[in-house]
Amino acid sequence: MLGLSLLSILVQGCQPSPPQVVVYVSTDEQIARPILAAFEEQTGIDVLMVGDTEVRKTTGLLDRIRRERSAPVADVLWSSEAIGTAALAREGLLAPHHSSMTHGWPEAWRNADHLWHAFSPRPRVLVYDPMVLSAGDVPETWTALADPKWRGKIVLADPRYGTTGGHLAAMRWWMSGTPGRWDQWLDAMQAQAMPMLPGGNAAVVDVVRRGQAVLGMTDADDVHAANAAGANLAMVIPRHSEQVGAGAMLMPNTVAIVQGARHPREAAALADFLLGDETARLLAVSHSRNVPISPAVADSFPELHVDDPLVLDIDQIEHHWAPAVSEVVTRWGPQASSVGSP
Amino acid sequence: MRKWVLALAWALIIGVPMVAAVVRPWPAAMEKTSSSSVALHSVRDVALTTSAWAIAMAVLSIMLALPVARVLSASQVRLRAVAAPLIIMGAVMPPWALYYAWWSSLEPGTWLFDVAASGGHVSLLRQVLLSLALLGTTWSIACCLLIPASMRWSNLRDQAMRLDGASWWHRQWARVRVERSGLVLSAIVVAALTMSWTTAFDLAGIMTLANELRARMSVGGSIASLMWLVWPQVVLALAVATGLWLWIRQAGVSAGDMASTSWASKLLGLLLWMLMVGLPSLLLLLLAGTGGEAAVWQDVGIGLMHAIMRGLVIAALVMVITLIASRQAGIWIAMMEVTWVAAALLPAPVVAAGIGHAWSGSAMVSTAGAWLAAMAVRAGAVGIIIGRWRMSMLESATDQLRQLDGTPWWRPGPGGAAAAVAGGCVAMMMSIGDIELAASLAPPMDRPPLAVTLLNAIHYQRAETVVAALALLPLCGIAAAVLLTSVGRSGMRIARVACLLGTACLGVSMIGCDDTPRSDARLLPTDVEIGMPGRTPGRFDTPRGLDVHAGELYVVDRSSRVQRLAADGSVVCWWPMPKIDNGRPVGLTVLGDGRVAVADTHEYRVLIFDPCGTLVQQFGRYGTGSGEFVYPTDIAEHASGALYVSEYGGHDRISVFDPDGTWVRSIGHPGEVGQVGEPAHFVRPQSIEWSRSNAILWVADSGNHVVQGVDPNTGLTRVLIGAGMLRYPYGLEVLDDDTLLVTEYGSHRLSRWAPSGELLGAWGAWGDSPGHTRMPWAVAWDAGSNRVYVLDTGNARILGMPLGSLR
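Chain order of the listed sequences is A and B.
With our numbering applied, the first sequence corresponds to residues 1 to 342, in that order.
With our numbering applied, the second sequence corresponds to residues 1001 to 1807, in that order.
Derived from the structure by calculation, the hints contain no laboratory data.
Remember, predicted model here, so these are calculated numbers, not experimental data.
Backbone N, C-alpha and C fix where the C-beta goes; we use that ideal spot for every residue, glycine too.
There's no promise every hint is true.
What the hints assert, rightly or not - Examples of chain A residues toward chain B, derived with CB under 10 Å: (1) Q20; (2) D28; (3) I45; (4) G51; (5) M101; (6) G104; (7) A229; (8) V285; (9) S286; (10) H287.
Only chain B is shown next, with the shape it has when bound in the complex:
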């Protein structure tokens, strides 16, 4: 039975593509170009480069992994408590993502990059970082292969040699001879993997054999015509797979499963993982901006959810394969397993081309079948290796007894459930990070696969997307690793649940049912974009305050600059805030006479400048008393000249000042918004604006998610707008017809409201593409040109549009 199950899976995933590659004619158009005519690099050159990298990575991986493997083996840790989590955490971050993390952390201006640049060693720096990135995965694989080999070394033998007077070198040589099978195998596996990778080398600008093969295929060379380039890799893959399979079978360490554990040895592996994977991810997180990650994570999270669903499908298949491989193998099963592992060692372009060609014209391609089959090539090999490894740890009699008892193959024996879950976890993490296969075989969907989105974000330098994914992926890996180490007697239940989940997810992912949430808002009818990220004049660093006066724009941002811009974005003048010890301002209003009032939020005061930055007035200081502020946010000028200042920070209210800055009174109290007719309560009143008649003071009460119309004389709430419909209203503007424009930090949109509370329209959605916005803090209307300006804070720009388009 298990032979037929494996045969069916093998046929779909390995067998049919193999046969089709030879038998089925390739499209004639793809043969039009002679592969030799588009050979950018000679085969000899790229083969030498590829071999050099493969050998270097093998050596470095062993150098890094051998000490760890020896420590772990000496401490007699349970293998499953260490090995599989190591592999999972190593596989969780694809090498190309690690390279990006390192490379982005060393921008021009950083010490290390500048040192390298001054010496003309930037290329060398690239190679070092690429090596680190590749090691992030390969060291853990090498470690797992070395642990069983290291366990064969007996401390008694070491002591005996010491007593015999053997030197340290002599003892080390003796130990290496004992470990040699593991060393050779680790080197070969790491080398084969290195040769099959493409994307990390792309990013580093290094042409390898796999990249060159892909390039030649892209200009019309088929697998058949490029066979002369491919067959050495096929032979190598078969040789490595055969050697690995044979070695795994007899690698069992019966004495290794001791009960005692060593936290120090586990910590060693974890520390090494942190250095290779955690550190570059953390560096990138620290260097990236902090605005808006929640919204980015929401978008990336959806992609990750889809990827996990597909990963569960792969995991379910791999768990089955692991169970199959956990029993004695006859010649047919052995051949299928060896060819499967060999296929996994081929470059991804070859795998993608083979599977795509085999299943073209079938439903496998138009659904996710072909894509999942391609991912199953590598993932299935992992299951085979883990299953065979676990099999090697059992006493041979154990399996014979189980067969005699008639125990079904799908009922795992000792450690079988853990092995199956381990295989599933590793396979799932590998599938999440796959990109080459996704780019070639993913079916039409609402959004591209996460890895494709991630790689394109790297190329187009959208750091927030990359950072979000780099934060989520390790969390997934750690969760999988924790799950694995906690598998014990409950392993079988977990295995069953995972299989069921995988089957359920299979239907969803295959069929491609649309479950992507879609925004109902229309796009912003933007016709002009002003500014971009930066700290030079005309650029913005997280701008948070905006106003318009006489056709000119006034902006204050997190670099503590106030900029005065013409309508075309050219800088009229700019000035810095005089003091930024405690923080930056968040609000700005141009008064009727052209003076610029800035809510100097974290300096607890209001500053008033002339139109080009000469300080002419200031008032306020820290406190909760009359005329004092905690965090002032905005200023609104009454027709009488009185200045109303909103604040938050536990004493949320609006204070009234004479034009000379003398405190008059305060309105409102901190707290949850009440009903109409009750005294106004605020939680972070972010913006305030007067109605046209000056009878109502409109307050963007962001923490209460509502806009309040407050009677300035009585302090009572007269109107509530947007209750239950707004999320963190930050920006506020009143038009000449008394309708309100509101920007929502939480919903990333602009909305228009009647003073009665009726919603008249909403525009925008999260993003940085045309018509989208991220965390808009403010909105302003220029009566002269009848244009509206939205402060698109998350994208560091101002979006302009005619008011007439907001209907």
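So here's chain A without its partners, still in its complex pose:
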């Protein structure tokens, strides 16, 4: 009996299978599933998905793709952030895909070799409780968080996962234009004694909601999700400086085709669908409130428009990720308290 059971492990498929595509998705399942269902309905291609938990966000999926490099299981990676995707591109794990859907989009929203494409970003924000803090008191720039009056009042997620690390990498990249600026900011923020939570951006929002912190560095979609569940939180979208092109940090979704994908044509179809207007619209009306890049869709959602965002070079930012995370955890770690510890 055990032998029969083990034998069946190696059997692939119980019946001739329809066209299918395997996608690794780090976006919230509840948001991703209807979009993938729409793709299935329109194309007749079955979608099999692998998700990850909010705790580990994309890192678990990236590890899987690396582990499977000799025999890829995934065809498409749909990531809720960009830095990890750029890392896979650098490691040669992605295949180029030229999409007609991105015609006319800014160059910054795709890899130079078309190894990945960015779409439907959401801004990095500071979340606060309007019953505790008035809107006028909230810092308007990320660098203003170093003000001593915020000592012990800021919380952020563990930068080794997800968009927090990506944002810090982007800041390091942006500040690298001025020698010493990044180090100065690190030193100033070190004094703020900020807890770095293992539970991700959602944990940051919960801590602010419960009054254990005044300001939280998180993503806009996590704030929207909390408010949809009955919270009454507000957020601001800080700039990085007053310079043009140094505005808000928009953290994009990215889509890429895995090198050696077993279903390349289906993968290309899915990638194009994710970059299309229907997906952009669905994401814009979702709880995530992603910002559409396509002008045709963006016109329908003026309230989501973000003026003068930080101009990104994601491939360059990826090079800054490891040193940024390393420097942050090294310098901020010893002074960081844990929210749950005495």
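Knowing the structure of chain A, use the given hints to seat chain B on it.
What follows is chain B alone, placed relative to chain A:
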């Protein structure tokens, strides 16, 4: 034979990953980051934190479990009637789910949270709740390990010591010395388990060694490069496993299997379980909303079914292992069993990484093989422990005689079937709640594993999903526990059926055949969303009535507010219902002159307000006579100004009133819908609308699952729409081409119908994501903008879309 069966399973699940971790090269890219450069917390700090928690949980578990174990041992209950159900019910709710239940029950605004916040003790509150959550599992494990130890204490010895004049402390010390092996083992096992958990500590914001290890691995550290961090845990796991294995072998209590049972002692264990697991689950159920659980449970239920199928596979394997472990063990079997138990005590990230690395590139990964193998690591250890425990209860001669008789190992001896089923049940419940392994190793599927869905629902605060799972999981556990206690002579049949079921499920789950039902409806072409949950202006609490007039939206909800909104969702004005002693209104209609008529359902009347809430007219009172209502639901204004009011409550009908509220006549009767041409019968007519010519009164006859077109003069049914195709049609709107828009509470969709009864299109499916809806109560059309608005009640919002997109 059994040695080779165990060896094969051990090789696949333990041996190959062990060897591969050392021999097989790890991907070079994963080595790129020095683990020390991404050390957020020092090893010393996280090790101290982890050790502190492990010791604290060990002490607390023993403090809680020892009195129960002593009572149970003193009452000489059948061990199997108590021990295994205790473990099952303790394992049924993962600690992270229990923590969420407690934490969500103490929102800001609750007394306990506010007290903690005012004193700056929120962190302390988190830790207390985390302790309670962890205790929900650990106390039952400690109890089971303490029962045999407590049974060694003789009441005769206690009486003798009393006669000798020994003090209470002296007697307690003597008893503890007798129980010491159980105490030490319980402490060590609970500590080891606590150190291996990750998710509950994540949610509580506490960094432990396992979490830190996982974080370092995620930024590129492989097991090989992090071995210096892992090997102390490996050594500890081996030491604990060896000690446990040796202790279990000689823990048998031959005198424990007495025939008498004590309901009081069983009740004690059940009450303790209710406190640790049942209470937080119940709190969450009570605090969550009640709208739409059925649909959520349907979705969660599918995930649970899949999880149970996989659990049955694991259970089948564990039952085999339990039978193997129920016989005398030679040195090789002993080594395999000890290493297996040791592997189960390692942190889940280590297990997942090891198995994933070992089987990468093989079909084990692309199917569910690697995932099941990882779950089998912990589940198999449970089978080994239970099997060895049962073995220790047999007389050694019994097993020797069975061997001499040539009894096959797979034929269970006395109590063997029960032990096998016990192992299977515990393993199945553990596998259902696993999350770390699922997140790392689950193959591509139509939907993620239940536990992953559940944890993400926790993070994104979808309480309905969490509540549904928290309701279903304990039911599963109780069912398993009841099954176990009823196992007797039929145990072998149950064991066989379970094995067969497990094998059958193996094929399905491995291959990943698609059996997920898929909706045929298209998504709603929504282009605007208005509102969100809440009780402040612009937000809704279960909105149930909607109408549109001159481009503005009018909504009434369960907070008894009527809100008038502009098309962009901004609030023009709002007002509360004057009286809500008995309940809230469910229907609302804007009359031709702009006045707002509200079916004040549970106050048995109709109220008419001016456009900003001044009450100008009311009529109706409770009753079944002329001009009286039981539960009015909707109002429709005839071109003549007459008001038609629908009602249900046992006297389902439609009553006609003059514009001044004077009753004229009634149409229809309560009951099952008849044929066309017969007098109209209704079961809960929820909405009514006039056709363009005012010749037909359309009735959303929700209880009969049909829309009726009724002749208002004769009261006869002229048209039946959607018979056999609609489920609880609640909302109704007539367009300028006389087609009907219908929202279905039961099918969570919007459909469009020709007046002849032909279905022209259907949109929407259950959910809260774009294009989805939950229990839509109403629909309205604005002629001016030619837009349609669907009242998405379950998601507390209004969905807007151009009429042109509904073709």
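Results of checking the hints against the structure:
no.: 1; hint: Q20; result: 9 Å, holds
no.: 2; hint: D28; result: 6 Å, holds
no.: 3; hint: I45; result: 13 Å, violated
no.: 4; hint: G51; result: 4 Å, holds
no.: 5; hint: M101; result: 18 Å, violated
no.: 6; hint: G104; result: 22 Å, violated
no.: 7; hint: A229; result: 4 Å, holds
no.: 8; hint: V285; result: 5 Å, holds
no.: 9; hint: S286; result: 5 Å, holds
no.: 10; hint: H287; result: 7 Å, holds
In terms of the numbered hints stated before, the structure departs from hints 3, 5, 6, listed from lowest to highest.
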